[in-house]
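J.: Combine both chains into one complex, guided by the hints.
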Amino acid sequence: MSNPKVKFAIAIGILLGALAWLAVIGMQESKTYYITVAELKQMGESAREKRLRVGGRVVAGSIQREGRRVRFLLEQNDETVPVVYVGRDPVPDTFVDHAEALVEGRWGEDGVFHAQKLQAKCASKYEPAEGESPSASPGT
Amino acid sequence: MMDSLGSFAVLLAVTACAYAFIAGIVAHRTGHPVLRETARRAGVTIFPTLSVAIACLWGLFLANEFSIAYVANHSNRDLPLLYKLTALWAGQEGSLLFWSWILSGYMFVVLVRHREEGELRPLAGAILAGVQLFFLILNAFVVSPFRPLAEVAADGTMRPFAPPDGRGLNPLLQYPEMALHPPTLYLGYVGFSVPFAFALAALITRSPGERWIHVTRRWTMIAWGFLSLGILMGAHWAYAVLGWGGYWAWDPVENASFMPWLTGTAFLHSVMMQERRGMLKVWNVWLVFITFLLCVFGTFLTRSGVVSSVHAFAQSPIGHWFAGFLLVVFAVCLFFFTRRRDYLRSEHRLEAVLSREASFLFNNLVLLAACFAVLWGTLFPVISEAITGNKVSVGPPFFNRVNIPIFLFLLLLTGVGPLLAWRRTSWESLKRNFTAPTLIGVATGVLLFAFGVREPYALIAFMLAAFVTVTIVSEFWRGARVIRSQTGRTWGQALAQLVLRNTRRYGGYIVHFGIVVVFVGIAGAAFNKEREMEMPMGATLELGRYAVTVKDRAQGETPNYIYDRLTLEVRRGDKVLTMLMPERRLYKASEQPLTKVMIHSGWREDLYIYFAGVTETGVPIIHAYLNPLVRWLWIGGGIVILGTLIALYPGRQPMKVAVSERAATREREVAYAKGD
Ligand code: HEM
Numbered sequence: 011m012s013n014p015k016v017k018f019a020i021a022i023g024i025l026l027g028a029l030a031w032l033a034v035i036g037m038q039e040s041k042t043y044y045i046t047v048a049e050l051k052q053m054g055e056s057a058r059e060k061r062l063r064v065g066g067r068v069v070a071g072s073i074q075r076e077g078r079r080v081r082f083l084l085e086q087n088d089e090t091v092p093v094v095y096v097g098r099d100p101v102p103d104t105f106v107d108h109a110e111a112l113v114e115g116r117w118g119e120d121g122v123f124h125a126q127k128l129q130a131k132c133a134s135k136y137e138p139a140e141g142e143s144p145s146a147s148p149g150t
Numbered sequence: 032m033m034d035s036l037g038s039f040a041v042l043l044a045v046t047a048c049a050y051a052f053i054a055g056i057v058a059h060r061t062g063h064p065v066l067r068e069t070a071r072r073a074g075v076t077i078f079p080t081l082s083v084a085i086a087c088l089w090g091l092f093l094a095n096e097f098s099i100a101y102v103a104n105h106s107n108r109d110l111p112l113l114y115k116l117t118a119l120w121a122g123q124e125g126s127l128l129f130w131s132w133i134l135s136g137y138m139f140v141v142l143v144r145h146r147e148e149g150e151l152r153p154l155a156g157a158i159l160a161g162v163q164l165f166f167l168i169l170n171a172f173v174v175s176p177f178r179p180l181a182e183v184a185a186d187g188t189m190r191p192f193a194p195p196d197g198r199g200l201n202p203l204l205q206y207p208e209m210a211l212h213p214p215t216l217y218l219g220y221v222g223f224s225v226p227f228a229f230a231l232a233a234l235i236t237r238s239p240g241e242r243w244i245h246v247t248r249r250w251t252m253i254a255w256g257f258l259s260l261g262i263l264m265g266a267h268w269a270y271a272v273l274g275w276g277g278y279w280a281w282d283p284v285e286n287a288s289f290m291p292w293l294t295g296t297a298f299l300h301s302v303m304m305q306e307r308r309g310m311l312k313v314w315n316v317w318l319v320f321i322t323f324l325l326c327v328f329g330t331f332l333t334r335s336g337v338v339s340s341v342h343a344f345a346q347s348p349i350g351h352w353f354a355g356f357l358l359v360v361f362a363v364c365l366f367f368f369t370r371r372r373d374y375l376r377s378e379h380r381l382e383a384v385l386s387r388e389a390s391f392l393f394n395n396l397v398l399l400a401a402c403f404a405v406l407w408g409t410l411f412p413v414i415s416e417a418i419t420g421n422k423v424s425v426g427p428p429f430f431n432r433v434n435i436p437i438f439l440f441l442l443l444l445t446g447v448g449p450l451l452a453w454r455r456t457s458w459e460s461l462k463r464n465f466t467a468p469t470l471i472g473v474a475t476g477v478l479l480f481a482f483g484v485r486e487p488y489a490l491i492a493f494m495l496a497a498f499v500t501v502t503i504v505s506e507f508w509r510g511a512r513v514i515r516s517q518t519g520r521t522w523g524q525a526l527a528q529l530v531l532r533n534t535r536r537y538g539g540y541i542v543h544f545g546i547v548v549v550f551v552g553i554a555g556a557a558f559n560k561e562r563e564m565e566m567p568m569g570a571t572l573e574l575g576r577y578a579v580t581v582k583d584r585a586q587g588e589t590p591n592y593i594y595d596r597l598t599l600e601v602r603r604g605d606k607v608l609t610m611l612m613p614e615r616r617l618y619k620a621s622e623q624p625l626t627k628v629m630i631h632s633g634w635r636e637d638l639y640i641y642f643a644g645v646t647e648t649g650v651p652i653i654h655a656y657l658n659p660l661v662r663w664l665w666i667g668g669g670i671v672i673l674g675t676l677i678a679l680y681p682g683r684q685p686m687k688v689a690v691s692e693r694a695a696t697r698e699r700e701v702a703y704a705k706g707d
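Residue numbers (the numbering used here), protein chains in the order written: chain X, 11 to 150; chain Y, 32 to 707.
You may find that some hints are simply not true.
Keeping only pairs whose Cα atoms sit at most 27 Å apart, straight-line, the calculated DSSO-like set for lysine-lysine is [said to hold, decoys possible]:
| # | chain 1 | residue 1 | chain 2 | residue 2 |
| --- | --- | --- | --- | --- |
| 1 | Y | K560 | X | K127 |
| 2 | X | K127 | Y | K422 |
| 3 | X | K127 | X | K51 |
| 4 | X | K131 | Y | K627 |
| 5 | Y | K462 | X | K131 |
| 6 | Y | K560 | X | K41 |
| 7 | X | K17 | Y | K462 |
| 8 | X | K60 | X | K131 |
| 9 | Y | K627 | Y | K606 |
| 10 | Y | K606 | Y | K582 |
| 11 | X | K41 | X | K51 |
| 12 | Y | K422 | X | K51 |
| 13 | Y | K422 | X | K41 |
| 14 | X | K41 | X | K127 |
| 15 | Y | K422 | X | K131 |
| 16 | Y | K627 | X | K60 |
| 17 | Y | K462 | Y | K560 |
| 18 | Y | K462 | X | K15 |
| 19 | X | K60 | X | K41 |
| 20 | Y | K627 | X | K127 |
In short, the hints are calculated from the structure, not lab data. Note that this is a predicted model, so its numbers are computed, not measured.
The following block holds chain Y by itself, in its conformation from the complex (with noise of 0.2 Å):
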């Protein structure tokens, strides 16, 4: 029943979008109104149809319907109630649904709000109407989640076949994180769907001003925001769940959603110049094209098995058609990119090496090669192949020699680029600007180097982190205490005041200051332990300040699955500071082993425990790691969303960039060239 419906609610939404796309097209040739409204109404109902589509698979695994084959290979009678309803998102079949879904959803925000764009809403609906058709033919033709498993009867008939029990969920996904990670990186894969059909659509029609700029990045920054979100908790999913001690490894699937975040933070900057001087219009239209067709790339990637990966848990020959799409939306974009050349010619030149425009070139640049080496990298093994016929991969010694003096230079651009002036900046206000940040960045390293550490990149990275504080530190000091002088409020009055005065501004700052914390945290992997060990009852492990005491061992079973419990105790010096207990499990349903990371997480380091194993007469082995300032990362994460959340405020003073503002936007670019 459930599943009838849910399949009938596909077709219904796939008929819907068809109308949506098509009619819009007709619609934006013609310009007939009526048409117009149909095709948006069309578009509207996909949500909603694609709700019941979800609503009946989560059915369908709340009844334990083992007559579904994706039921059946996801899920099992005892498996928690969380996991059954995130089971939905574990597989290709669900997560593709889910894709469209999530899609169907922004383009309804997109098609009952934004009302005032014109002409531009419209063809941005049929664009994505068109994505979302994409995906919808998968779901109701290719890989529909609601198909039965079959067997073959005796008499050489397909009959239906309802297994007692489910296969069960990989037990890698049963972690709570996982019922975040996926859908935020969707919200942010997907989203970047809505920036790609303004700009094309602005493309299309020529859109006059930048109003579709304004509209472009607040959607490039929801966007942005989640897949920001998505990586972090995937990183802290690798983490906490996969038991190497580590949280990025450079796996391919890690990679995908990497990359058009790069590309993303690239036009996120590169935007500003065209706002500000109306430069850069070809490389900011191809920046949102590049940055949606990595997404798909993305979702391809992980889906493929072109490359391979340990993220990848679902891999089918749905690749041919992802490759079909990508293609066919590249020639749509190159096709419109060379019609409407003339509209995006530049209004100025870049005039001098020391000035905002400048640092935003280079970060783009910067960004960009940094993507283009994570390309080059994950695709490696299919490039060699297809040029000397040997597959051959590179590992994360090439990503991380490229890459670590890519967002170390990135970094200390951080700290320079919003402190340059347009267009040009004197030698006295570069002076005035840096000379203490630099002060205290070098001061940093003499001192840190005076403590004994010497790690290059680990130094530099402190200094520079140190560096881009100090100048982030002033900024809102100094805006705060002319709003002090002029009102005479307290501190923290003039401090929310001019945050929300100009919240891009500030919140961008934030979301600065959030990214030198998260290399702190990184940097901190510079120092990383580990220690492994055979340890029977009241063995003591010691790494650096801690010592683990095995105190206790159980065994024994849940409905779910079969464990061996170690309790250790952890001690520093003569304090005991608590009590682990990690896990070997054995999930009954899926026959699968997994082992429970135990982490003893603080602000100057986390012991990371690991009971690797048992040897042949029965001892357990434990791998420890200490692992330095990796809570950094997570609360740098933490402010880059916060930073995020502040950008995305509207503002008391909203940037208006319409055509005619030009010239007030002269005006302050001369104040800015002032010192501002």
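Bound conformation, chain X alone (with noise of 0.2 Å):
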């Protein structure tokens, strides 16, 4: 019998493998990168090969929707830049003007981003009510 301890280690390292392996097929799949509007108008061509994650406020009256398509101007720090959404998911109802969003997907030959996902939050809701200060905290 050869040690039980040689084996282990050959299973446990044949597991590890495989798994490592999976994973970094999963993550060439999956891999999105963050970067603001002003970085996508920068990057040009060599944002194409990339899928990207932008995040930024909708803009008012901006929404229009065509069938099942939805174009929009996203804005972030006073760059906007339109897009248009083509996923298979349905527009979430927090989708509406000013609210925060955020696009998954490519940025196209047209200029215009082609989001896959499409998050929404309304941007009202979670700010802190206005004159709410921590001095104003009986605690302390």
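T.: Encoded structure:
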């Protein structure tokens, strides 16, 4: 009988190796770069190959629905980018003017961001109440 | 009034807790019995005191006290009563107070019971007080839910201010399950503090024997059961409310609850190695420590905004408080670990690859690999930003690729492990135990393939499910048969007696069976179908065996929201199955829209209807999903909980694991090796 320790080491090695391999594949498939709108504009050609994720605010009045597609402008720090949502999932309810939106997809040849995923949060709800200040805390 | 009383109660709790912590430690070092008793009593008072604070916060919600910031931000006058109560944990301040309250409840039970634990309980109590102190300080001084709203007056001074109505509760949280999901999840998260405290106390005191393991295992099972239920309800809530047709998206908040579940599951198994064979002691204490750290980390993830999530309803800059706390806890664990290593020396070595020990080892390895993969994926944006400067995230394909094979392997082990003997297993017993399960598993695969099932992972999952089920059923059958032949009872009585005789083992098997059923439900996702269609009145959408026709559309309002409601007729063949009424709502107070999902659930599949929107010309758009076998996921989860309850029920042959019993244990091992 050979040493069980060696057998264990081999079995564990194979297991972890296989998992690492799967992990690498999975990461390559779904790696998404977070960038700002300004960065997107500077990247030019090199932005085309990668999956990107851009966040910003939906410009008021820019939402246009064309059947299943939705076009809108995304604004971040005074820079805007046109986006067309071409994803499978329905547009979330929270996607309205001024909402904070997160789009994931690719930068198209046409200078429009083609989003496969769209997440949105209504901004107003999450901001602290006006005038709220730590000094008002009764605990201190 | 109520807000002052509430914040006063929190302050009182901080004081009592600080005393319980400091006096507890001093008493441990000096051994002073009176001091020790005062520390215990101080600890006991925290729960009633915090209950007053919680009652005050509820009172403020019921009284519509919008001068309090937390109430104004999470409620409104017309909010239904139930949601005024659940709003308590809808935001950060309230949910942290809720955390503390649950912890104080656990502490209360620990301090009132467990008198027999000698030195262990007082020290565990002091450790719990230390953890509690951190949260109470946050409650009292950093994120108090009792803070009044204030506005800056014309002359520049601050003055209190009460808006006429609150901003309302996030509509996604206005769902009955939200009354239960967060409390259960928190009971799970917080519950792991107790095994943590006992494990650390045992390490510090070099607690003789394995008494602490007994206590720790019980508490771990309790916390683990709540966590399982909490995760399950979270998945169900996501499925029933979020409207994308699925229940699990590998979202950071979901991952945060899943990680301690994985390490907790690993601990429940590896602890048996220590009980039976005195092995893996180092591993076990670290599993408990890590599980607790992951629970705190989970709270931190959901509350800090380190990674963005769809479930995180509150974010604020308390992140560094948590990071600091995690570091301190980790340092304390590491310190005592290095000082007390001798206590953790292993008593046996692994002997063979085909043994119960080895299967537990793989079980742990695989569970930890899954946990690591989930952690890696969740934190990848943070890691990649730190290393390369680019923030990069990974999505569901990463998690699925790694975790699906891991879990299929785990499923295989769940069938194999319990049938292997301790120390080493003979080929004879392998053949005897595994012939039937393997044959039935393979037959299942062949049959499904013949019926046209081609998804490889789903096929493997169904085969393994059949395999594991047969191993479990045959265990019950064999045991019941012996009892029947000895006592002449009926099968039902024999089974009941079998389970009662060793609740822990058979409870564990029932949990395993529940996991199998959960897997069947998850594997169904390989066959999901979906369709989206514009649907004017009378239009019909066909999906799978179903036809859905628009019969009516109504618009109106309730005090809480405005709605646009469709009435859909669902048919299969010529038979009308049901009418579904999906709704799009606009909540008045929060001005937030919400779509009410409708599900026609069956044993074979769920028809899931989402009112996706309205076209420019006002025609409704319906998105329909056909999700096979989803119901089995919930049923399997229920079986897991049932099994956990059974395993927790004291058996007639309690597991005694004092050191003096080691000899007896050896005999049992021999019996095991002979085929038990
Ligand atoms: C996700 C997968 C699993 C879950 C959720 C799970 C859960 C559990 C639970 C809750 C118990 C009861 C523990 C107690 O009462 O202290 C248990 C017992 C047990 N589990 Fe698992 N388990 C899983 C996978 C496995 C695997 C892969 C193995 C193989 C090594 C295994 C082997 C056992 C054994 C041998 C018992 C004890 C039965 C006895 O007392 O004789 N489990 N399991």
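J.: Under the constraints set out in the numbered hints, which ones does this structure not fulfil?
T.: 5, 16 and 17
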